[in-house]
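Undergrad: Chain by chain, the residues:
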Amino acid sequence: MKATKTVLSPANLQSVIPAQAGIHTEHPITRSMDPRMREDDGSEDGGFDEEQVAGWLAQIPDPEIPAISITDLGIVRGVRVADDGACHVTITPTYSGCPAMQVIGDAISDALHGRGVLEVVLHTQLAPAWTTDWMTDAGKQKLRNYGIAPPAEQVIDISRLGPASAISRKAPKLGIACPNCGSTHTEVTSQFGSTPCKALYKCLDCREPFDYFKCH
Amino acid sequence: MDAKVNYLLRLGDNALILSQQLSRLCGKGPALEEDMALSNVALDLLGQTRLWYEYAAELEGAGRDEDRLAYHRDAHDFKNCLLLEQPNGNYADTMMRQFYFDTWHYFLIAGLTHSSDERIAAIAEKSLKEVTYHLRRSGDLVVRMGDGTDISHAKTQAAADALWMYSGEVFGYDAVDQAMVEAGIAPPADQLRTQWLAHVAEIFAEATLVMPPQDAWMQSGGKQGRHTEHLGFILAEMQFLQRAYPNAQW
Numbered sequence: 001m002k003a004t005k006t007v008l009s010p011a012n013l014q015s016v017i018p019a020q021a022g023i024h025t026e027h028p029i030t031r032s033m034d035p036r037m038r039e040d041d042g043s044e045d046g047g048f049d050e051e052q053v054a055g056w057l058a059q060i061p062d063p064e065i066p067a068i069s070i071t072d073l074g075i076v077r078g079v080r081v082a083d084d085g086a087c088h089v090t091i092t093p094t095y096s097g098c099p100a101m102q103v104i105g106d107a108i109s110d111a112l113h114g115r116g117v118l119e120v121v122l123h124t125q126l127a128p129a130w131t132t133d134w135m136t137d138a139g140k141q142k143l144r145n146y147g148i149a150p151p152a153e154q155v156i157d158i159s160r161l162g163p164a165s166a167i168s169r170k171a172p173k174l175g176i177a178c179p180n181c182g183s184t185h186t187e188v189t190s191q192f193g194s195t196p197c198k199a200l201y202k203c204l205d206c207r208e209p210f211d212y213f214k215c216h
Numbered sequence: 001m002d003a004k005v006n007y008l009l010r011l012g013d014n015a016l017i018l019s020q021q022l023s024r025l026c027g028k029g030p031a032l033e034e035d036m037a038l039s040n041v042a043l044d045l046l047g048q049t050r051l052w053y054e055y056a057a058e059l060e061g062a063g064r065d066e067d068r069l070a071y072h073r074d075a076h077d078f079k080n081c082l083l084l085e086q087p088n089g090n091y092a093d094t095m096m097r098q099f100y101f102d103t104w105h106y107f108l109i110a111g112l113t114h115s116s117d118e119r120i121a122a123i124a125e126k127s128l129k130e131v132t133y134h135l136r137r138s139g140d141l142v143v144r145m146g147d148g149t150d151i152s153h154a155k156t157q158a159a160a161d162a163l164w165m166y167s168g169e170v171f172g173y174d175a176v177d178q179a180m181v182e183a184g185i186a187p188p189a190d191q192l193r194t195q196w197l198a199h200v201a202e203i204f205a206e207a208t209l210v211m212p213p214q215d216a217w218m219q220s221g222g223k224q225g226r227h228t229e230h231l232g233f234i235l236a237e238m239q240f241l242q243r244a245y246p247n248a249q250w
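Taken in order, these protein sequences are the chains called V and B. For reference, each letter of the first sequence is one residue, going 1 to 216 in the numbering used here. For reference, each letter of the second sequence is one residue, going 1 to 250 in the numbering used here.
Don't read these hints as lab results, they were simulated from the structure. Treat the hints with caution; some may be incorrect.
To give a feel for the contact side, a few chain V residues facing chain B, derived at Cβ under 10 Å [as the list claims (entries may be wrong)]:
hint, residue
1, Y95
2, G97
3, C98
4, Q125
5, T189
6, A199
Simulated DEER-style distance windows between Cβ atoms [said to hold, decoys possible]:
hint, chain 1, residue 1, chain 2, residue 2, range
7, V, I29, B, A189, 35 to 45 Å
8, V, P99, B, H230, 20 to 30 Å
9, V, N180, B, D215, 48 to 58 Å
10, B, M1, V, P28, 24 to 34 Å
Every residue, glycine too, gets a C-beta built ideally from N, C-alpha and C.
Modelling step: build the complete structure from the supplied sequences, incorporating the hints.
TA: Structure, rendered in structure tokens:
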């Protein structure tokens, strides 16, 4: 068995936060595989490490934007394989009310159970709060190809600006590039879009409306 | 009841009651974009409610969970401010209620990010980005409606005047709020009120609206469970299923 250590998917290792660091709000949820589903004969001892688990998680699509994976999105914050073979996965919500978190939790335990992990423990972490900085470059490219403008390169941290500028009525001017024609001659139609994490924009050149993944 | 649990329930109840009110407008927004915005804001507030309730339930340790808190308390147990239970009315009423609340909520949440309680600070950090979007939108709409047509201006001014007496309750700190200030958990009332007045004055000036007098008499009582008649109707609808079929799931 491996000593407990933390790794994340190879793609976004730069912003690894140790599993269980930060502020957790929910009690961990343990999901054990139904014993009847076990295929091994009891002789295996869970031959997997954090790298492998992270690789498996990288194949799980986001339920609302299936073009990108949950690790591309940056919501998997840590993976730890405990001495007893239980796999601890820490996830963080994009938005407080994100209705996809339950589905994502289910998808993670299903995927890991399917690879023979008997016990999956899900941790939800609130702080540090999720930011679009954690989205991988590959993830941004996949979003663009899917027709959603990715978060602007330069993150405007609206929460850290002075009150006057943070709450000025106008959304920050970002020059969002249209995922259809590439023009930055675009304007916001609505701050709120089809999911909590997106805003609605339109391109003033090709006239195509498009979703913009809000930056924060 | 422990002061911190009480305070957390106030935060959660404010968010839940407003979320429920906005949810009633889903599919009835005046424009598609507005409909989506109303539902998005309702969803954000519902998510925040869960985070506050979850922490309150944990501290209370009485075996109540978030669903129990939402569905099995009576009107006099709810601690939301009276502003949030006021009817949706016309769209100027809906947006003015939202603007008064969003302005206070934004400065409160910003203050709570520095809370001495790290769990509260974490929930505030998570919520701050959301409430910033909320305030941006409601301020924008108040300006568009106030500085719009004669009719939209008149309705927006009427909404501003009618709801004004409910806008001050959030700054009337009682022993519970005061205990939170002393423990470094919550920001002081005078700080929030100064910020609130400055922002409302700025937006009203742009919206060509007249700001009601600052020394006007303010309604209060919601935090202590003394509500207007509207809350009972809201709860009747929100709680019906769990009251009629306890523990029902789907």
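Undergrad: For which of the previously enumerated hints does the structure constitute a violation, in increasing order of number?
TA: Failing hints: none at all.
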